[in-house]
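*Asks:* Numbering follows the numbering used here, with no gaps: position 25 of the sequence shown is 25.
Simulated from the structure, these hints should not be mistaken for laboratory data.
The model shown is predicted, which means the values in this text are computed figures rather than measured ones.
The beta carbon of each residue, even a glycine, is placed where N, CA and C say it ideally should be.
Check the hints yourself; a few may be wrong.
[As the list claims (entries may be wrong)] Taking lysine to aspartate or glutamate and the EDC-like style, the derived pairs with C-alpha atoms no more than 16 Å apart in a straight line are:
id	residue 1	residue 2
1	Lys144	Glu58
2	Lys122	Glu58
3	Lys128	Glu58
4	Lys138	Asp84
5	Lys40	Asp70
[What the hints assert, rightly or not] Computed beta-carbon distance windows for the label pairs:
id	residue 1	residue 2	range
6	Thr46	Gln78	32 to 42 Å
7	Leu151	Thr46	46 to 56 Å
8	Ala156	Arg6	26 to 36 Å
9	Gln7	Ala156	19 to 29 Å
10	Thr4	Pro86	48 to 58 Å
11	Ser51	Ser174	36 to 46 Å
12	Asn133	Lys40	31 to 41 Å
13	Leu194	Arg6	30 to 40 Å
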Amino acid sequence: MSRTYRQEQAEATRLRIADAARRLFAEQGYGATSIDAIAKEAGVATRTVYSAFGAKREILSLICDQWLRDANAIELAQQVLALDDPRERVRGAANWLTTLYVAGFDVVLIFEAATDESAETKALLRSKLAGRNQVMDKIIASLKDQLRIPLRRAQAVYRALAAPGVYQELVDESGWKPAEFEQFVTDSLERQLL
């Protein structure tokens with residue numbers, strides 16, 4: 001079904017608002033950023049933001065969806081799962097994680113900062129995090145016949161390496177390149193799991 005010009009304009013406005021919000025959330029924090037500030041940054045009226053999203057957490061949801069789409073997260077996970085060789089699959093798991101972080105580590109930090117918000121925002125964040133964890137757990141479960149430790153423990157190892165603080169310490173704070181982080185995750189997973 002083709003969209004009308006008006007629908008395309010409305011979608012473009014939603015994306016402009018989300019981009020403005022993403023910048024402000026990263027600079028000022030999720031809680032400190034008002035809808036008025038988002039509207040001003042996006043160059044729209046405050047009522048337009050409310051009309052397009054209803055609540056600030058819905059903007060956060062779209063930001064997350066855009067980030068995952070930009071990172072090609074679903075397709076990349078499918079490619080990793082399709083790899084036959086277990087070591088290649090482990091390398092793919094490290095690449096999947098690194099690709100997500102390179103595409104939008106600011107979104108990860110925004111999510112972490114927003115966890116102190118309302119119950120509805122916490123529920124949204126839990127559901128988004130659950131989706132990421134399901135993909136990660138599925139990748140590790142696909143290796144179950146090659147694992148040298150129990151599956152649950154192997155999944156916990158991958159999630160621990162994926163903790164935002166690990167990437168932040170190594171890449172943001174210590175100056176590692178993303179490729180070095182990816183190699184670290186690969187080496188760690190191979191050593192611990194296979």
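*Asks:* Should the hint that Leu194 and Arg6 are 30 to 40 Å apart at their CB atoms be regarded as holding?
*Replies:* 54 Å Cβ-Cβ, so the 30 to 40 Å window is violated.
*Asks:* Given the hinted pair Lys128 and Glu58, is their alpha-carbon gap at most 16 Å?
*Replies:* 12 Å, holds
*Asks:* Check the following: the C-beta atoms of Thr46 and Gln78 are separated by a distance inside 32 to 42 Å.
*Replies:* The hinted range 32 to 42 Å holds for Thr46 and Gln78, with Cβ atoms some 40 Å apart.
*Asks:* Evaluate the given range 31 to 41 Å for the C-beta pair formed by Asn133 and Lys40.
*Replies:* 36 Å, holds
*Asks:* Mind checking the alpha carbons of Lys138 and Asp84 for me, to see if they're no more than 16 Å apart?
*Replies:* Holds, at about 15 Å.
*Asks:* So if I understand the rule, the pair passes when the alpha-carbon distance is 16 Å or less; does Lys144 with Glu58 pass?
*Replies:* 37 Å, violated
*Asks:* Could you tell me whether the CB distance from Leu151 to Thr46 stays inside 46 to 56 Å?
*Replies:* 50 Å, holds
*Asks:* Starting from the hint 36 to 46 Å, judge whether the C-beta atoms of Ser51 and Ser174 obey it.
*Replies:* 44 Å, holds
*Asks:* Verify the proposed pairing of Lys40 with Asp70, using a straight-line Cα cut of 16 Å.
*Replies:* This hinted pair is violated, its Cα atoms lying about 25 Å apart.
*Asks:* Using the C-beta atoms of Gln7 and Ala156, is the stated range 19 to 29 Å upheld?
*Replies:* Given about 44 Å between the Cβ atoms, the range is violated.
*Asks:* Hint check: Lys122 vs Glu58, CA-CA at most 16 Å. Holds or violated?
*Replies:* Given that 16 Å is the threshold and the Cα spacing comes to 12 Å, the pair holds.
*Asks:* Take a look at whether the Cβ-Cβ distance between Thr4 and Pro86 falls inside 48 to 58 Å.
*Replies:* Cβ of Thr4 to Cβ of Pro86: about 50 Å, so the range 48 to 58 Å holds.
Checked against the numbered hints above, the structure violates hints 1, 5, 8, 9, 13; every other hint is satisfied.
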